[in-house]
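Trainee: Residue numbers (numbering that gives the first Met the number 0), protein chains in the order written: chain A, 0 to 332; chain B, 0 to 332.
Quick caveat, the hints were computed from the structure, so don't treat them as lab data.
None of the hints are false.
Here are the simulated lysine-lysine pairs, DSS-like style, with alpha carbons at most 27 angstroms apart:
#1 A:109 / B:22
#2 A:231 / A:210
#3 B:109 / A:15
#4 B:302 / B:210
#5 B:109 / A:22
There are 2 protein chains.
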Amino acid sequence: MRIGDLGEFGFIDRIKNGCLNRKSGVVAGIGDDCAVFRVPGNLAVLLTTDMLIEDVHFRLSEIPPYFLGRKSLAVSISDIAAMGGTPREALVSIGIPGSIEVVYLDEIYKGLKAIATEYDINILGGDTVLSPDRLVINVALSGEERDDEILYRSGALEGDVIFIAGTLGRSAAGLDLLRNKREFEKKEGLLTAHFDPIPHVWSGRIIASSKLANSMIDISDGLVGDLWHVCKESGVGALIEMENMPIDDNLREYCERYRLDLERFVLYGGEDYVLMGTVATESSDLLRESLKAQDCDYFPIGKMVDGDSIKLRENGGTIRELARSGYDHFSGE
Amino acid sequence: MRIGDLGEFGFIDRIKNGCLNRKSGVVAGIGDDCAVFRVPGNLAVLLTTDMLIEDVHFRLSEIPPYFLGRKSLAVSISDIAAMGGTPREALVSIGIPGSIEVVYLDEIYKGLKAIATEYDINILGGDTVLSPDRLVINVALSGEERDDEILYRSGALEGDVIFIAGTLGRSAAGLDLLRNKREFEKKEGLLTAHFDPIPHVWSGRIIASSKLANSMIDISDGLVGDLWHVCKESGVGALIEMENMPIDDNLREYCERYRLDLERFVLYGGEDYVLMGTVATESSDLLRESLKAQDCDYFPIGKMVDGDSIKLRENGGTIRELARSGYDHFSGE
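Model the full assembly from the supplied sequences, consistent with the hints where possible.
Mentor: This is how it looks when you write it as structure tokens:
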């Protein structure tokens with residue numbers, strides 16, 4: 000059996016047993032956006048790591064190195080944001096092909112340091128090694144949070160309102176635009192969404208500190224893929240409403256112009272790094288007000304329901320079950 | 000300019016400015032075995048990370064996967080040991096070629112979990128991604144230590160005795176044996192040194208908690224290469240004595256059998272992960288006794304001296320300056 004037969008999440012299930020030797024203080028190990036352990040003073044430390052490999056996660060010909068640096072750290076910052084935490088200390092490992100120019104690496108580090116400064120993160124260390132032919136970047140990042148404010152994937156309850164704190168599909172459209180070398184007068188917004196995603200630490204803090212939400216995740220693998228993680232970990236199903244889905248104007252125009260399936264970008268497009276949470280119906284308005292007061296978005300898009308599937312109510316009213324395919328690194332779905 | 004022109008340490012010097020955005024509490028950033036920051040309770044957190052890439056750090060045809068798993072974590076544990084700390088929480092990222100069998104990955108994780116258990120480490124999380132053709136493993140590891148016990152590379156003083164807490168050259172001999180497909184009746188010890196290096200956490204704790212030593216490092220790049228880091232960071236030179244150098248019997252026999260340069264293995268062989276420290280002359284005997292009482296080795300091999308070079312007194316008494324070539328990933332020295 001190869002890894003492709005098992006899939007990324009099958010593999011994680013296979014290896015996650017036997018990883019904890021000191022269970023005291025550990026709140027979450029493998030399986031959520033971050034690992035969590037308690038430290039003195041009602042605080043918790045969050046830990047996350049992301050590996051980006053050339054030709055799998057990025058192509059040198061597509062992303063300018065400054066943005067590659069920013070994005071390498073952004074994806075880990077988003078994992079901290081997804082639990083409501085504040086990012087703190089980063090370690091950056093880089094595997095460098097001998098053919099890469101030092102000025103190119105300078106640009107990567109300029110991007111890394113710029114986003115680190117914006118989010119008040121220290122780059123405390125790393126490892127610098129030779130790679131035979133592909134650039135590899137691994138970021139490990141810690142965060143901190145009051146231990147009674149942390150939001151997990153597993154906390155969603157039947158009846159909860161599902162909300163997203165931003166619009167979806169723009170990053171995937173940016174990639175589509177690049178890969179197909181398409182012209183589009185308003186392409187900048189879509190390309191920026193793809194090159195320079197915004198980790199929503201501030202929205203995450205508002206949601207977590209309000210103590211109104213029951214669960215949270217960041218949408219990195221696409222709405223349906225990540226909602227499926229929430230369903231699976233929480234033991235409930237979901238019903239989302241297409242007519243409530245916020246649609247970015249640029250994305251709509253782009254899809255109309257090239258006759259592309261808008262719904263597919265919104266439901267399955269990855270790498271938007273928008274936060275998605277669930278909240279009890281009676282707390283939904285209050286949470287919306289808390290976010291709006293800080294200029295943060297709040298879009299209720301559906302409900303957690305009994306069951307073990309994700310269903311979509313189409314604009315015409317028809318309800319159908321959605322395929323769960325998020326992005327799996329190995330199955331290539 | 001390519002990375003090979005600059006070298007690993009030249010590159011690190013180039014990128015290390017501008018990495019700290021919150022200096023409060025940070026004791027050491029980029030440049031030592033670990034980064035260090037203070038936390039409440041006179042404690043410090045140590046952070047380190049190591050990336051291993053197939054065909055640079057290991058070959059699948061040479062190292063059994065169980066030992067590859069152990070070694071991936073061992074090198075980071077050794078960085079924690081090098082400052083006197085206790086390892087705690089690990090994150091493991093793995094980039095997996097589609098061609099690798101899942102049972103092979105199971106063995107890697109069996110090795111990772113075994114050494115984690117031996118050192119009371121939690122594997123708290125990680126990332127699992129596709130790699131186009133080479134296996135990549137990145138470990139990020141935290142450790143902890145009382146903040147008044149941490150030992151740095153930069154603390155060595157002129158007049159200090161240089162000591163090593165084990166013998167050197169066995170791992171390089173194991174690799175030499177493998178690469179040249181040599182037969183040797185006692186090869187097991189050398190191969191084990193190469194496949195399954197021991198991180199010396201216990202020796203490191205004794206040395207650090209004694210508060211007798213002035214500096215410490217682990218020998219991963221070879222004695223001369225790592226001693227040079229200590230010299231450079233501490234602003235002193237070193238004089239080491241060949242006749243005081245402990246020589247492993249197996250290594251001596253192996254070199255005699257194949258007419259190999261024993262001195263080269265001892266002075267320049269990497270990956271032994273033996274600790275090297277410096278201690279004031281008047282405290283040397285006391286430190287030796289503390290280590291011996293716990294069955295740990297202590298070999299005084301020279302002195303820190305005025306200057307900016309490393310000199311060797313040969314067995315005949317002649318003193319000569321040593322080339323500083325440790326292992327540089329990019330210069331390929």
